[in-house]
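Asker: Since chain H is already given, all that's left is putting chain U on it; use the hints.
Each chain is listed here by its residues.
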Amino acid sequence: MSFIILKNIVKEYGPAHALRGVSMEIQKGQWVNIMGPSGSGKSTLLNIIGGLDTPTSGEVFVEGIKINALSEDDLACFRREKTGFVFQQSHLVPYLDAVENVMLAQYFHSMADEEEAVGALTRVGLEHRLKHRPSQLSGGEQQRICIARALTNDPVLLLADEPTGNLDRENTKMILELLKKLHSEEHFTIILVTHDPFVSQWGERVLMMEDGSIKSDAPINP
Amino acid sequence: MRSGFYLFFKKSVSRRKGRIVIAALSVTLSVAMVSGIIGMTAGVGAKLGEELRAYGANIIVSPREGNYLAQDVAEKVSRIDSVRGVSGQIFGTSVFRGQPIEIIGLDIAKLKDRGWRLQGKWPQNNGEILAGTDLRSQFKIDIGAKMHLPGGDIGGDFVITGFIERGGTEDSALILDMPDAWTVTGADRQFSAVLVRAEAGRLDEVVQQIRRMIPQAEAKTFRQIAVAEESLLRKIQLLMVIVTVVILCAAVISVAATMGANVLERREEIGLMKALGATKAQINIFYRAEAILTGLTGGVAGFISGYFFTQAVSKGAFGSYVPVPFYIFFISLLFGLVISVTASYLPVRNALKYNPAVILRGE
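Residue numbers (numbering that gives the first Met the number 0), protein chains in the order written: chain H, 0 to 221; chain U, 0 to 362.
Extracted from the complex, chain H is given alone in its bound form (with noise of 0.2 Å):
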């Protein structure tokens, strides 16, 4: 059985088609890139693969579980336990220090631990700047807490919508060098947004969205 199955998703707003009837499935272990141009439906759709957003209609089911049926507090159970979010603008609490950031993450799941936060800023590369607030530090650097603060609790799955889209070339390639050996040392299943082309070359296979449909799935070749 596949790790996320969609079935049929329609998702509007309104008047607006967001999603017209995505179907798909994604096996445990992939990297899986989204593309499109804005407004395509690729960030709704991850939104509602990591259960931040719900469908009008269709079914969603991640490692078995369709949580398209789940109530309010059994989605925030299935966000904290089974996903890792990584957003555009990184969303870090500005008042928080690099450790601090990860430990509000912990402390939703189960219990804020210190020693564990640094570990894993550690497996980002940013050991030199935990006492760092966001403000002191660079957009690439303000992306791996992001990275780490979605690792700490170790997810199945880490959603990334548009992680390179705030920052220059060397960032992107650092930051997407950063997910590649997570990819390949833990073995995390991966969907991450973009619109970068240089981006979607990266990963195992790429979605093509257009006007709220899949236009082309296709494997990446190495």
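By construction, these hints were calculated from the structure, which means they are not laboratory data. Cβ coordinates follow ideal geometry from the N, Cα and C atoms, glycine included. Misleading hints may appear alongside valid ones.
[Claimed, not checked] DEER-style ranges, computed between Cβ atoms:
| id | chain 1 | residue 1 | chain 2 | residue 2 | range |
| --- | --- | --- | --- | --- | --- |
| 1 | H | Asp72 | U | Ile303 | 39 to 45 Å |
| 2 | H | Glu24 | U | Ile252 | 51 to 57 Å |
| 3 | U | Lys279 | H | Thr121 | 30 to 36 Å |
| 4 | U | Leu6 | H | Ser1 | 36 to 42 Å |
| 5 | H | Met110 | U | Lys234 | 20 to 26 Å |
| 6 | U | Phe307 | H | Tyr12 | 42 to 48 Å |
Answerer: For chain U alone, coordinates are given in the frame of chain H:
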């Protein structure tokens, strides 16, 4: 509470201390007004009771015509059944350092158990007197000061043994034992009024007897005076309840506006918490804790401010301080909590409805 709560709560509060101070200040002002009003109401009520207890009497007999009653009026009244005690008083004026000064003559020995605030000693001998506390600053006199008071044929020389404070006319008068007062006022063996303590429940009967027995005297129960004061007090209390309700409503709106702005400012943070898997209850607890902190801070500060407000008003209106019951401290805390928790209810409820996907997209 989960491990880490205090860390994040402390950081969040210290980051937003400006807003929290503004919210706490709104609560403080409201609680100060409310606790001040309750303190005044309770204090004035206690003060009225204290006044009546201080007299220890429930009937007053005064001359229907002229200034004085003959001494035998007191003797006649004391013979009436149901009368348990009689005490004559005399009021007059004298002059000290060229200024008129009020004289109150009474049986000083009976004052000791009536709760008058005294600085110094009770007079023991003839020629020793008490002075109202206001005279101390007016004439720059202290305990042991000697005074010559003209009056009667020759007047008299006196020594002040203490200062008394009651919040009434006594505070600006000299209190003399009866023989000394007769010397100064020249009203030998007469009284301005006779205070009578009769059995409760037979007051009207005693009043009628006094009126029949001494036609030249007017007798009234203190209850008549008390009832008039009680009626006034009730009107004041009603006004205070209305003012309290208005203040509470204004406070809730004001704190809700501050909390609303606070929540709006934290939309992204709330969206992030939800994305990280926080339940509504977990997010709720941060806001409730903030509201409780604001309420408790405002409650304590409001009680302290209200206490000083009460005393300032009381000193201005009654000339003395009123006792503020300690239970008002707990009422203040309760009001603080009610205001801040009620005010935070709607903003927090709305915050919990945010769709994280929408907020994190920056919409």
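Asker: Hints broken by the structure, by number, lowest first?
Answerer: 5, 6
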